[in-house]
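The UniProt record's numbering applies: residue 1 is where the sequence shown begins, and numbers increase by one.
One or more of the hints may lead you astray.
Pairs of lysine to any residue residues, derived as SDA-like cross-links and limited to a Cα-Cα distance of at most 20 Å, are as follows [as the list claims (entries may be wrong)]:
1. LYS55 to THR22
2. LYS40 to ALA18
3. LYS55 to CYS26
Computed beta-carbon distance windows for the label pairs [said to hold, decoys possible]:
4. PRO37 to GLY8: 30 to 36 Å
5. ASP31 to ARG64: 17 to 23 Å
6. PHE14 to ARG57: 16 to 22 Å
7. ASN56 to PHE35: 18 to 24 Å
8. ALA29 to GLY65: 30 to 36 Å
9. PRO62 to ALA29: 28 to 34 Å
10. ALA18 to GLY65: 36 to 42 Å
Keep in mind that the hints were calculated from the coordinates and are not lab data.
Quick caveat: nothing in here was measured; it's all calculated off a predicted structure.
Every residue, glycine too, gets a C-beta built ideally from N, C-alpha and C.
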Amino acid sequence: MMAFQSQGGPRQMFDITALAITCAECGAAIDKLPFEPTKKEDGTYGRLYCFDCNKNRMRNRPPRGNFGGGGGRF
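Using the sequences and the hints given, assemble the complete structure.
Below is the structure:
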């Protein structure tokens with residue numbers, strides 16, 4: 001499995017094997033994530049995706065908008 005990449009190089013990966021988390025899309029076991037998951041109020045970790053499913057989701061989403069914080073006028 002490849003490490004997720006950021007602009008600064010490889011990211012720290014957290015071993016989550018002991019948590020027995022599976023991908024919300026394909027059901028594959030997720031062994032590592034680029035962040036440490038935290039439980040929600042309902043006791044679950046929410047919808048997490050394996051590397052391949054996350055890559056496909058990012059490829060298929062609409063482009064992000066401008067995060068400039070306004071029109072540049074004061």
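Against the structure, the hints come out as follows:
Taken as a hint, the LYS55 and THR22 pair is honoured in the structure, with Cα atoms around 16 Å apart against an allowance of 20 Å. Restraint check for LYS40 and ALA18: satisfied, since their Cα atoms lie roughly 18 Å apart, inside the 20 Å limit. Distance hint between LYS55 and CYS26 is fulfilled; the C-alpha atoms sit about 13 Å from each other, no more than 20 Å. For the hinted restraint 30 to 36 Å between PRO37 and GLY8, the CB-CB distance of approximately 22 Å leaves it violated.
As the Cβ distance of ASP31 to ARG64 is approximately 29 Å, the hint placing it in 17 to 23 Å is violated. With their beta carbons about 20 Å apart, PHE14 and ARG57 fall inside the hinted range of 16 to 22 Å. Look at ASN56 against PHE35: about 19 Å separates their beta carbons, and that is inside 18 to 24 Å. Roughly 35 Å separates the CB atoms of ALA29 and GLY65, a value that falls within the hinted 30 to 36 Å.
In this structure the hint that PRO62 and ALA29 lie 28 to 34 Å apart at CB holds, the actual value being about 30 Å. In this structure the hint that ALA18 and GLY65 lie 36 to 42 Å apart at CB holds, the actual value being about 38 Å.
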